[in-house]
Amino acid sequence: KNQVEQSPQSLIILEGKNCTLQCNYTVSPFSNLRWYKQDTGRGPVSLTIMTFSENTKSNGRYTATLDADTKQSSLHITASQLSDSASYICVVSFSNDYKLSFGAGTTVTVRA
Amino acid sequence: DSGVTQTPKHLITATGQRVTLRCSPRSGDLSVYWYQQSLDQGLQFLIQYYNGEERAKGNILERFSAQQFPDLHSELNLSSLELGDSALYFCASTPSGGTSGRNEQFFGPGTRLTVL
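Those protein sequences? They're chains U and W, same order as listed.
Take the first sequence: its letter number 38 is residue 38 in this note's numbering, and every next letter is one higher.
Every position in the second sequence, counted from 1, becomes a number in this note's numbering once 112 is added.
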């Protein structure tokens with residue numbers, strides 16, 4: 001069964017600190033992996049998209065890594081800001097299919 | 113602003129009723145996806161339309177149906193509503209029919225449905 005699992009479920013960090021979110025997947029065959037940021041009550045917004053041949057992608061203070069061999073990805077947030085408080089969702093796309101597998105998300109709370 | 117619009121923003125109705133949610137994709141996008149997000153749960157894929165035709169089906173109940181019109185806007189119809197149907201409903205659009213490669217999905221702001 002194709003699955004995407006994220007950890008931790010939630011975390012609290014102080015403003016200015018770094019944090020790393022994890023995503024493990026068993027989706028096969030694999031096409032790409034995306035990280036989305038979802039503010040409470042709003043639609044998800046894409047942060048990064050990585051194909052299987054890429055192992056790192058940055059978007060400002062967000063850096064995603066991908067290890068296609070171990071089927072693991074991480075999202076690193078550098079110098080966190082209060083506006084980083086949101087849910088971060090890992091999404092994996094199948095090859096030869098039109099569906100996406102969504103992780104349950106990690107809720108990040110940044111405190112001053 | 114993703115360019116995807118959804119109406120209404122909020123909808124409150126009673127059990128047993130029927131509602132219609134509307135989505136307009138980004139200009140030029142041919143695919144529309146519908147998702148349900150219940151409280152504290154992840155996004156659940158419901159259905160996808162591509163250029164007017166159903167392309168893929170997810171965990172969509174038989175009480176739910178959707179269609180995409182010639183102008184590419186889409187409607188999600190929810191009938192015989194139950195308390196458990198209360199959720200955020202998102203639509204997303206992509207330029208083409210698949211999700212492989214760098215085909216990014218752009219999400220709308222969502223419709224919050226409350227069934228009383």
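FYI, nobody ran anything at the bench for these hints, they're computed from the structure.
Check before you lean on any hint, since a few could be wrong.
[To be verified] Calculated lysine-lysine pairs in the DSBU-like style (CA-CA distance at most 30 Å, straight line):
#1 U/Lys57 to U/Lys99
#2 U/Lys71 to W/Lys121
#3 U/Lys71 to W/Lys169
#4 U/Lys99 to U/Lys17
#5 W/Lys121 to U/Lys99
[Unchecked claim] Over 10 Å on every C-beta distance to chain W, these chain U residues come out as not near it, computed from the model:
#6 Leu11
#7 Ser46
#8 Thr56
#9 Arg61
Ideal Cβ positions, reconstructed from N, Cα and C, are used throughout, including at glycine.
Of the numbered hints stated previously, which ones are contradicted by the structure, given in increasing order?
2, 4 and 7
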